[in-house]
Amino acid sequence: MRKLSRSWLIKKTQINPMQNFKLVIEYDGTRFFGWQRQADKPTIQAALESVLSIILNQEIRIHGSGRTDAGGH
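The sequence shown begins at 1 in this note's numbering and counts up by one.
Keep in mind that the hints were calculated from the coordinates and are not lab data. Because the structure is a prediction, the values reported are computed rather than measured. Even glycine gets a Cβ: it sits at the ideal position worked out from N, Cα and C. There is no bait here: all hints are sound.
Pairwise CB distance ranges (calculated):
id, residue 1, residue 2, range
1, Q38, E59, 15 to 21 Å
2, T30, N57, 27 to 33 Å
3, Q58, D28, 24 to 30 Å
4, N20, K41, 25 to 31 Å
5, T30, G64, 14 to 20 Å
6, Q38, S65, 15 to 21 Å
7, T30, Q58, 26 to 32 Å
Please construct the entire structure, taking both the sequences and the accompanying hints into account.
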């Protein structure tokens, strides 16, 4: 499997910024307050959006197809 550099990812997303991806994730939600973004509490959605925005150098918004309540595993 080819390892992609961050610069390649940034260049690739700048060519066509409107791309959709399916992302299947698994996580321990003990320290989070559920999936859905909340203004004053850490959530899985907010954490993923934040880190992906940094990596891809653009604002990222995630739309989940399921949800987890606070403390879910």
